[in-house]
Amino acid sequence: MTTATDISGFDNLPEAIPAPSPARPRLLLIATALTSVAIAMGFAGLLGIYIETRAEVIQTGERWLPGSTVIPLTQPNMMAITLLLAGYVIAWAVSSIRNDDQGNTNVALGLTLMLGFAYLAQSAYLMTIMELPAAGDTLARPTLLYALVAAHMILVVAAMAFVAGTFFRTVGGNYSSRDVEGLYALAFFWGVTIVLYLAVWYAIYITK
Amino acid sequence: MALTETRPETDAPEAAVAEATPAPVLERLLSTGDHKVIGRLWIGFGALFLLAGLVVGAVGAFEQADLGSFDIVDDGIEFVQAQSAVRDLIVLGGLIPLAIGVATMIVPLQVGASSIAFARGAAGAFWTWLFCTGVMAASYLMNGGPGGGVGDAVQLWTLTQIAVIAALVWGLICVATTVMGARATGMRFEWIPASSWGFFVYAIGGILMLPLVAAQLMLGYLDVRFGYLPTQESRLTLLGALDTLTHAPVVYWLALPVLGVAVDAIVTHTGVTLRFPKVVLGAIGVFGVLSMAAEVLVWNGRGRPIAFDNGLLVVATLAAVLPILATLALAGEALKRGKPAMRTPLVAGLLSGLLLLAAAAVALLGLVHPIVSFIETAGDTSIDLPDGFALAGTTFASGILGLVVAASVCGAVAAVNQWGHKIWGRQVDGRLGILAALVAALGGVVWAASMVASGFAGQGRDLSALSEAVDGAEAYNAAAGAGMALLAVSGVLLLVSVLLPSIGLGSQAEPFRGLTLEWLAPSPAPLSNFDAAPVVTSPYPALDATDDGGAQ
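Top to bottom, those sequences are chains A and B.
In terms of the working numbering, the first sequence is residues 1 to 208.
In terms of the working numbering, the second sequence is residues 209 to 760.
Not everything, but these chain B residues come out facing chain A in the computed CB check (under 8 Å): (1) Ala-325; (2) Phe-326; (3) Val-377; (4) Ile-381; (5) Ala-384; (6) Met-388; (7) Gly-389; (8) Ala-390; (9) Pro-419; (10) Ala-423; (11) Leu-427; (12) Asp-431; (13) Tyr-436.
Partial list, computed: chain B residues near chain A (C-beta under 7 Å): (14) Thr-385; (15) Ile-415; (16) Leu-416; (17) Leu-420; (18) Ala-422; (19) Met-426; (20) Leu-430; (21) Phe-434.
Because the hints were derived from the structure by calculation, they are not lab data.
On a predicted model such as this, the values are computed, not experimentally measured, just so you know.
Cβ atoms here follow ideal geometry from the backbone N, Cα and C, with glycine treated the same way.
Only chain A is shown next, with the shape it has when bound in the complex (with noise of 0.2 Å):
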């Protein structure tokens, strides 16, 4: 019977210990990086005509958006505050796996799922109200408006998928203490995902 003192089963062991492997390199930390990038130069550029083309109405003496037109600030606050609550979850999901808690980040994951789809319901019930219709004879595009609505709604269901895989990789042990990196990337792009939202809440729900 083998006791506690008996070492004579790691005889096998080299006199030498090999030097650690090298650091796992953050290929997919980089990757979401500049993904981002990308994404924010595109919201940039479709927010830079809004603004223009919004100005440029306006100074025409027309209004932006057609008289019938609402745009309640409730849901937009409440969608801001769903994504920076979904934030602050995912910063809980990071914290946890550094922990090796990996209870607590599924939690905070499927939290942060459910807040996704609380933010796209919200968006969906927005532009049901807003009763803006996407043709008209105006000088004014809604289409601008919707696109930037929509490509935002497209951005914050690609950050889902993006929770989704890295919950199943957690749930498979993919990440602990020892490999951070898909969720320091997931974190890095829902913040872009936040960032991105203020600006669009900003440029189209508080100006009007």
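Based on the hints, put chain B in the right spot on chain A.
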């Protein structure tokens, strides 16, 4: 019912045979994660689309050689659609994919990576691009594209262009990520070989600029979808989305990697190291920054004309010449010190650099009018400037594009001949490459000279209204058509250069060796590129590995 978990013995030999039989070629291509195969696919199909664009362009130019009527197309709008297709095929179908292809093939080898970052993703980017470029071309045949008469086809064109751009951006992200995160142990950022550095700067430029084009296209799609662009004439505004990418100095970005390829070719074939490698990398970086900054400066949103009198744009165009000059001068100094063997990569690389320099130098002519206007405004004086210098909106820009296309083709020829043996294990006859580069250079110069002269004559870019043609326009157009035809011939030669070693033709002996890391890999490089993970201690690892330890 009884079930057995072991296969009947009779199946075993068949399974063994199945394992031994290689998968069909198509299956292997579709499932490959080998960056060398993916790069070859980008290059092959990129050259094919470039060829298609040049052929259609040449046909269109010959159509304009007789301005009495439209013979091949029905009317002016159809002619503009054809011109738009040419631009899409050359830029999105040819030049950018060619650069991504060479980068995908070479960058991992140069930086000591076992593969390109996200190899499956890189393959996905290629297949997405291929499919969507095909559909985009088909949408033109369905009367889509800018000025298209069928709304659904126009929408299809905008959507596929967005998808093409997304695929290109993802391909560039894979390249940039490889340079940033997958370098060999010890390889500092400033030790990155010039080609890989050029591709990195190029990738960052694409990541920053192409989404702006996609944003315009997205709005164009919605405008057509919801009836804001109901007529063919109104849909011509969609042409503006790609405008900025084909004007100086942004257009230089399309050929930016040729500077790195030229530098590496010089170092390889002279066998001497650069005296100021960091300055060379810095110059390439500055060149990229000027192109990107210019894109932001001239980017005006939906289809509005570019403001050529923008002071910052003038400065960017003026300054863009300097980094090209600096790069070529510093690399040329190595050329002077060494005893260069005038092999194909060196000749083609030098030609590509000189053509890019020529493009930047010729573009300076376009600055005369804005600068004189500025002086007149500031000094309240009148300067007698010939009308011909008002080049904005003329065919002048097309001439610059011709030189950039020729520079890119020469750069691709240089790259295929420089690293071909590492990829295929075979080297095609160098004379084929030299011929391709010379024909491309000649074609580019003829195209550029005719369109620049036409621009000075005051010929507008849009010749759909034949009544607006200037005197001599027919001759200029015929000459431009001949230039494009020559470039198309060089495209065929480039394709042959890629196809010959792919089918096992060419010399098996490695013709030369360079000083950077990729030359330490076996030739042809195996799936993981290197026999063992390389460790780098200098910018020229292959030189360190020689007997004299880098005494040069």
